[in-house]
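Let chain V serve as the given structure and place chain H on it in line with the hints.
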Amino acid sequence: MTAEALPRSQAVATGSRRDRPLDLIGIVLTALTLLVALASFFPIYWAIITSVKPDGEVISGSNSLWPGRFVFDSYIHIWNNTNIATWYVNSFVTSIVITALVIVSSAGCAYALSQLDFPGRRIIYVLILACFMVPMQALIVNHFVLMAQFKLLNTWAGIILPQLIVPVVIIVYKQFFDSVPKEFREAAQMDSAGHFKILFRIYLPMNWGVTAALAIITFIGAWNSFLWPFLAATGEATMTVPVGITQVKDAYGIVYGKLMASAVVAGLPVAIVYLIFQRRVTQAIMLSAGVKG
Amino acid sequence: MADIVLSDVSKSYGQVQVLDSVSMHIKSGEFIVFLGPSGCGKSTLLRMIAGLEEVNGGQIHIGDTRVDQLPPNQRGVAMVFQNYALYPHMTVRENMSFGLQNVGTDKAEIARRVEDAARMLEIGALLERRPSQLSGGQRQRVAIGRAIVREPRAFLLDEPLSNLDASLRVRTRVELAQLHQRIGTTMVFVTHDQTEAMTLASRIVVMNNRRIEQIGTPMEVYSRPASRFVAAFVGSPAMNFLPVSSIAESDGQAVVNAGGVSIATEIPIANLPSGDGLTLGVRPDALKVTAGGSISGVVEIMERLGDRTLVHVRLPDGSLVVAEDGGKSALEPGATVSLAAARSEMHIFDAEGIAYHSS
Chain V
1 MTAEALPRSQ AVATGSRRDR PLDLIGIVLT ALTLLVALAS FFPIYWAIIT
51 SVKPDGEVIS GSNSLWPGRF VFDSYIHIWN NTNIATWYVN SFVTSIVITA
101 LVIVSSAGCA YALSQLDFPG RRIIYVLILA CFMVPMQALI VNHFVLMAQF
151 KLLNTWAGII LPQLIVPVVI IVYKQFFDSV PKEFREAAQM DSAGHFKILF
201 RIYLPMNWGV TAALAIITFI GAWNSFLWPF LAATGEATMT VPVGITQVKD
251 AYGIVYGKLM ASAVVAGLPV AIVYLIFQRR VTQAIMLSAG VKG
Chain H
1 MADIVLSDVS KSYGQVQVLD SVSMHIKSGE FIVFLGPSGC GKSTLLRMIA
51 GLEEVNGGQI HIGDTRVDQL PPNQRGVAMV FQNYALYPHM TVRENMSFGL
101 QNVGTDKAEI ARRVEDAARM LEIGALLERR PSQLSGGQRQ RVAIGRAIVR
151 EPRAFLLDEP LSNLDASLRV RTRVELAQLH QRIGTTMVFV THDQTEAMTL
201 ASRIVVMNNR RIEQIGTPME VYSRPASRFV AAFVGSPAMN FLPVSSIAES
251 DGQAVVNAGG VSIATEIPIA NLPSGDGLTL GVRPDALKVT AGGSISGVVE
301 IMERLGDRTL VHVRLPDGSL VVAEDGGKSA LEPGATVSLA AARSEMHIFD
351 AEGIAYHSS
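One line per chain: the protein sequences are V and H, in this order. Per my numbering, the very first residue in the first sequence carries number 1; after that it's consecutive. Per my numbering, the very first residue in the second sequence carries number 1; after that it's consecutive.
So here's chain V without its partners, still in its complex pose (with noise of 0.2 Å):
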């Protein structure tokens, strides 16, 4: 007897989830979900098409959805004519000592707030939970004016200081940590390990998938941040790429052809990290929405 032959009800009951046939609400919500996976889609195909075709067609008017002519014009333009590999390097060196340094303060933080009894444990907690009630905009003129009396404005510090705020990261390390069984310290402790190795040696290695999935949407974070870097670094041999490709223009104005292809440029590292990792990026982004309720 096939499920199709059985009452409905058996049929849940006895078919495996892969082998019941899809209903009619299913079937929307496919093809809703299909649509909207289009949509998304679709601005980075333009983006892509965009900038493999040739600038005639560009500024022509036409919408078309697939290029007379594939070139490479736009790609070899913005390599020759702006500093896109500064711009590299300086989105590399930032994002990447931005991922570690908040990885480990972080950890450190929130091994601190889960495995350590000290006066005012639970105030700090409250007062990083009570950060994401400000949001980085309106902090933005402070970090502005401590780092330019700092004089750090135009500088790789002074783009990655204000971006090591990162409470999410702290509250779900504290989570991890806290579910951690507490005889694996004491074990640590009765085998002479002080705080540093057990974070180090102990907590961060059995935690390693968590710390992978933070790192990366750490770094994504960082590589794809505009406000602050764009009021930070003001001159092009401190900007990052996303700040950079705004200076993509010539003589006539905003040229869409070499526009969309530094920006496919820029989010090339992006799309690499998300497509190896992707599904540790879900992870991270379920475990931070997880926090943010």
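Treat the hints as calculated values from the structure; they're not laboratory data. There could be a bad hint or two in this list.
Stated by the list, open to error - Quick list of simulated restraints, FRET-style, between CB atoms:
1) H:Y13 <-> V:F230: 51 to 59 Å
2) V:S179 <-> H:S135: 53 to 61 Å
3) V:A39 <-> H:Y13: 51 to 59 Å
4) H:Q59 <-> V:H195: 21 to 29 Å
5) H:R119 <-> V:L101: 44 to 52 Å
6) V:N224 <-> H:S167: 21 to 29 Å
7) V:A85 <-> H:Q101: 41 to 49 Å
Backbone N, C-alpha and C define an ideal beta-carbon position, used for all residues, glycine too.
Then chain H, alone, in the frame of chain V:
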């Protein structure tokens, strides 16, 4: 090896007292078992010796050193945890070496100690595996190995057999006893399993309700329990308890009326307190089914254990007792039987639960 001395050790969490003025002297080389029900404070006491719990009052000495203010790694003890707490990302060798590396032990010395311990525990073939690739019994051995390589003055074991299945637990119990004989180091073992306590211990510390009820050898605890709690907690099947309705004297010894029958004991009547609330205690193995026994009753249930049979007998006043018969007992439920109680193995408990035994 070292003595461990606890003097008036107390522990409380806020207003909740979990240990109340506990004192004891564990002699060097002894295998001491803390036995008691869940929540009696036995694990807390072990953790206080280890340094994992703060001591609120009293002192702990290991050897000549007062240790209750020292961190765990400076007390010279090693601990085996209930869930073993093996670091999952390290191999067996790394797990066993970790503690020695942290104190700067020479690499060759670490390798020697790990190899020696692995040979002793027969885990040499497992050294490059991770804990997830080991069975429960193998993990347990590795946890002991991790403790052995530190060459501690005492081993502290917190219910290390409770995660093993029944047959493995029996085997590991024997191996643990052999290990203790071989290395002779002081061992303090926490369990709520009386069989583990009886088979492993040099002395058992029976704990209940924040304090020590009795310290004694397994046979002392079994044969001469200090309190009704100890009598009920130790021994399987449990001791029979019958309320005493009256006491008479015969040659200076108590003859009690309990369960609707008169039962002679060897307990000096002069030792017994006056007043009500006395209870007679007799273990099933001291109450035998025998022709011509002085106690008669009706068989309700038979539990055939192979080498012996436990017979549940309803006494004239309606009380139910468990007695013993041979493995090939021909009794059937409903039969009338007579029981003989060994006079020297009778116990009387007063209203506070204090025990009185034959002299």
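Do the hints match the structure? See the list:
no.: 1; hint: H:Y13 <-> V:F230: 51 to 59 Å; verdict: holds (54 Å)
no.: 2; hint: V:S179 <-> H:S135: 53 to 61 Å; verdict: violated (25 Å)
no.: 3; hint: V:A39 <-> H:Y13: 51 to 59 Å; verdict: holds (57 Å)
no.: 4; hint: H:Q59 <-> V:H195: 21 to 29 Å; verdict: holds (27 Å)
no.: 5; hint: H:R119 <-> V:L101: 44 to 52 Å; verdict: holds (46 Å)
no.: 6; hint: V:N224 <-> H:S167: 21 to 29 Å; verdict: violated (59 Å)
no.: 7; hint: V:A85 <-> H:Q101: 41 to 49 Å; verdict: holds (45 Å)
In terms of the numbered hints stated before, the structure departs from hints 2 and 6, listed from lowest to highest.
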